[in-house]
Structure formats: C-alpha cells, structure tokens
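Spelled out, the chains give:
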Amino acid sequence: MGVITDNLDLWGEALLGTVQLFFGGGAVALILGTIVGAMRVSPVPIARAVGTLYVNTIRNTPLTLVFFGFAFALPPLIGVRASGPAAMGFAIAALGVYTATYVAETIRSGINTVPVGQAEAARAIGLTFGQVMTLVVLPQAFRSVIPPMMSVFIALLKNTTVAAGFSVLNLGSMRDWLSERGENQLLVIVWVMVIFVAMVLLLSWAQRSLEKRWTVAR
Amino acid sequence: MRKSRMIVGAGIGLTALLALTACNSGSPTDPGTGGGDAGGDEALWEVATDVELEGSPTFDRMTEAGEVVIGVKADQPGLGYEDPVTGERTGFDVDIARWIAASLGFSEEQITFETIPSANREQEIINGNIDYYVGTYSMTPARDEVIDFAGPYFITGQGLLVAADDDSINGPEDLQGKVTCSVTGSTPLQRIREEYSGEVTERQTYSECVEQLKAGQVDAITTDEAILAGYVALEPEELKLAGEPFSEERYGVGIADGDTVLQDHINTLFTEGGDVWTALYEKYLEPAGVKATQPTIE
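Same order as they appear, the protein sequences are chains A and B.
First residue of the first sequence? That's 1 in the numbering used here, and the numbers climb one at a time after it.
First residue of the second sequence? That's 1 in the numbering used here, and the numbers climb one at a time after it.
Extracted from the complex, chain A is given alone in its bound form:
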C-alpha cells in the first residue's frame, strides 16, 4: 500500500492522464468512426473509397507506429512543439484516429443488422441519405452493437498505456517513474493492473445497463 500512499501525487496525475486519454480518444473515435462507418455504406463511390482506404491503412498499422507519426513526425511538419498539453493532444489524436477504424467497422456491422426494408421505406417517404442514416439506420445500428463497441472501448482504455512511451504521463508510465523513486516495480505493475481491472469492470457495468435500456424488441 505504501507504493500508493507515498506517491499519491503521481498516481493522481497518472490516473487523470489515463482518463483524459480515454475520454479524449474515445470522443474522437466515436465521432470519426461513425462518420467513416456511414461513409463506407454511402451511395457516393468516392466516400466509400476514402472510408475503405482509411480503415485499411490505419487499422493495418500498429498503434505504436501511429503514435510515432503523431508524436514525432507530425509536430515538426506543422511547426508545433509536442510537449505538455500539446503532447496530450497528439496522443489523443493518435488514439482517436486508430480506434475510429474499429468503431467504423463495428458500426458498419451494426448497419448490416438493420433490415434493408427500413432504409427503403425511409427513402420512399423522401428522406435524404443523411436523414436515413441519422434518423432511421444509425439509432438501430448502435443498439445492436453495444457489446462489440464496448470491447473496442475497453481495448482503447488499455491502449492508452502506449502513450507512456510518447511523453504523456499516464498509468503506463508508473513503472519508470516509481522505480526511479525506489519503489518495487513489480508491485507497481500489480497496482496498475488492479486499477485497470477496476476501470474495465466499470465499463462492463456501463455496457450491461446500456444493453438493458437499449434492447431492440424484435
């Protein structure tokens, strides 16, 4: 327990870093992923091609390389210094852009569960593609993909630790930081694990209550 109580300041900051990365990356991933998912089923060929290209390049790239691009290659290119809040911003962007591909594919699978008749009926009453998606298809699609979507977000939560290698303080940095303060690093890792298990349990609980509230009556 001394590992925690003697370094409360650092644990607090690290936990805050992880939470910021998770919610920041999650928001980017959800918005971008929904747009890309919709693009992949849109009637416009260019939109479909761009969506497919994006998913197939980013999803096929290891997250560490995506981080390299955002944390080391991009800042000098656009003339920004990646430190402090900027480093956090780039890390959120990397996580968001990477996770968005998984969100997009999950949403696309959800869209496929919505009977074609729904979209056809919506089109028949004169709704545009945007209206068909936002009013009819996506609300149904989201409800049917809550379990796989939560898996994507649980993976995102654990992926936040990669940011530790790119100058963003989070729970993944704790081993380096605390071993330098003379703590037993195996003990540190066990505590980090306990915190992650607790956070994932929280997400699983959120998943269950969402599932209950949003069950599709068929």
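Source of the hints: derived by calculation from the structure; they are not laboratory data.
Among the clues, some could well be false.
Chain B is nowhere near these chain A residues, computed Cβ spacing over 12 Å in every case [what the hints assert, rightly or not]:
{"#": "1", "residue": "10"}
{"#": "2", "residue": "23"}
{"#": "3", "residue": "30"}
{"#": "4", "residue": "71"}
{"#": "5", "residue": "131"}
{"#": "6", "residue": "196"}
Reference excerpt, derived from the structure (chain B facing chain A, CB under 8 Å, subset only) [stated by the list, open to error]:
{"#": "7", "residue": "142"}
{"#": "8", "residue": "145"}
{"#": "9", "residue": "204"}
{"#": "10", "residue": "207"}
C-beta atoms are modelled at their ideal positions from N, C-alpha and C, and glycine is treated no differently.
Knowing the structure of chain A, use the given hints to seat chain B on it.
For chain B alone, kept in the frame of chain A given last:
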C-alpha cells in the same frame, strides 16, 4: 480484388515510411573518446589470478559460470557507449566495470555486457541476471534498501545541455516557458517538474533528446553533467553545457543486497587504485570538460 490489393500496398508503403522515420532518430555515430583501448588497458591493470572471495554468493556464481555478466549503459558517450557498427563498448563506466572484472580474475573474453535501461536496474540485480551494474547509477537511500552499492567512484550533479548559440538558459531557474527533455521518469526530469517551472518532455534515450534539441523541438536537456559532457565532446560546435550543476549524484556499483564481501573488495580496489582511476578519468572525462576528483569510499 485489384483495388483492395492497391489499398493494402499503399498501407504497407505508409507503414514502412513511418518505420524509417522512426529509425532515423538515431544515436551518435562516433564514440568520440576511446578507440583502441584494448591495448591501452593492459598497461593499466592485470587480470588477477587465484582470487578468493570467501562468502560472496555473487563471486561463487561467476566462478561457477566461468564468466561475469555486467550491466551497463550503451548510449552515453564517454561513460557507457556501444558503437552501433563495431559493437565495441567504451567509456569510463565500462572500463571501471572491466577493471573490477580483472580484479576478480576474469579476462576480457569472460565478460558479457548487458545493456540495461535505468528502470530495470534493481530488478535485474535482485533477479541475479547480472552480477553487478556500472552505469551512472546514483546511490540513493531508496535503492540502497533493495540492493547494495560499492563506491562511490564518481560524483557529478544535474546539469543542463543547450544549443551552442542559446544564451537565454544559464540555470534551472531560466527554464520557465522552455521545454526540457530527459529520459522517461528519470530523477532529473522529476526534479525539474517538481522544483522548477517549465515544461518537460520524455524520450527513451538521451540520444533521442539530443536529436530533438538539434531539431528545435526542445530547448534544453537535463541529466547528470557527466552524461551531458559526453554529447558536448561529440559536437562542440552545436551543443554546450549551461550553468553549474544543481544537485549531487554519487555513482556507485550496484551489487546484490547483502554481499558485503564483494562490496569490500570493490571498495578496496577503488581506494588502492587511484592511478587507474586518474588514467581512466583523463582518458574519457577530462577531454569532455568534466571536472572531478576521485571521491573517497563511504
């Protein structure tokens, strides 16, 4: 089918591009000091014969294995450096390690060097993966609880490395509004973060920090002055030390907890080998502008 193949091809290309840029943040190509040290060292010390260390579990393990495994650093020119091309290891710390091995009766061929990052040092010693560690290893009370230290064999302090044409930083107080680079979680980085203002950024190695400094991504690099001086010696036109050291770091040899026999042996070696120490100091650190005298053993 053809279309998706093209897309996959583009993805592979992009990945390769990213990987190449990553490799580029490379280490210095010239070790600066050292070179041909195999010939020079033979004059400094001889491999001892018939060494007996009664009651030292570490020594028993070395003798049984017929080799000594030493943990060192590989990216600190002048202290612990491994040439990426030839694989040759040079530096003050590395030669101190060789000297200790020789005093225990192990020749150069019986030494295995392991590059161990800072964060893993205690655990590698506790697990017995290395026999001892020589690599800018500060003797701190917290570390002393889990391992033992022999020495100190060198005393330095935290310093600042800046671009040669930068006159705005002359001490840690000037770091306000500046970005300082150091190795992930390292003590110098934590000190800057807690005791001084200004932003910090972390990299895996000091060489990466140097690259960032030259690219203008950071304003200063902080760690022990002896480490920084090695980089200045490599590129005196581009880099310089700023201000005076603002902490005291005592470098020791990390050994297994409770092995007082080995600890005494190394301490005696340091106490009696003042001329070897001076020769190594003059070879590696004095040319880099590090001022120091041999510390007394505690």
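Hint-by-hint comparison with the structure:
1. The beta carbon of residue 10 of chain A sits about 9 Å from the closest Cβ of chain B, which is not more than 12 Å, so the claim that it is off the interface is violated.
2. Here residue 23 of chain A stays apart from chain B, with its beta-carbon at least about 22 Å from theirs, past the 12 Å limit.
3. At the 12 Å boundary, the C-beta of residue 30 of chain A stays outside the reach of chain B, the nearest C-beta of that chain being 23 Å off.
4. Chain B draws residue 71 of chain A into its interface by the beta-carbon criterion, the shortest separation being 10 Å against a cut-off of 12 Å.
5. A cut-off of 12 Å between C-beta atoms confirms that residue 131 of chain A is not in contact with chain B; the least separation is 30 Å.
6. Residue 196 of chain A, annotated as away from the interface, keeps every beta carbon of chain B farther than 12 Å; the closest lies near 19 Å.
7. A distance limit of 8 Å between C-beta atoms decides the matter here; for residue 142 of chain B the minimum to chain A is near 2 Å, and the interface restraint holds.
8. Taking 8 Å as the C-beta contact cut-off toward chain A, the hint placing residue 145 of chain B at the interface holds, the least distance being around 7 Å.
9. Checking residue 204 of chain B against chain A: minimum C-beta separation of about 7 Å stays under 8 Å; hint holds.
10. Taken as an interface hint, residue 207 of chain B does not check out: its beta carbon lies about 14 Å from the nearest beta carbon of chain A, beyond 8 Å.
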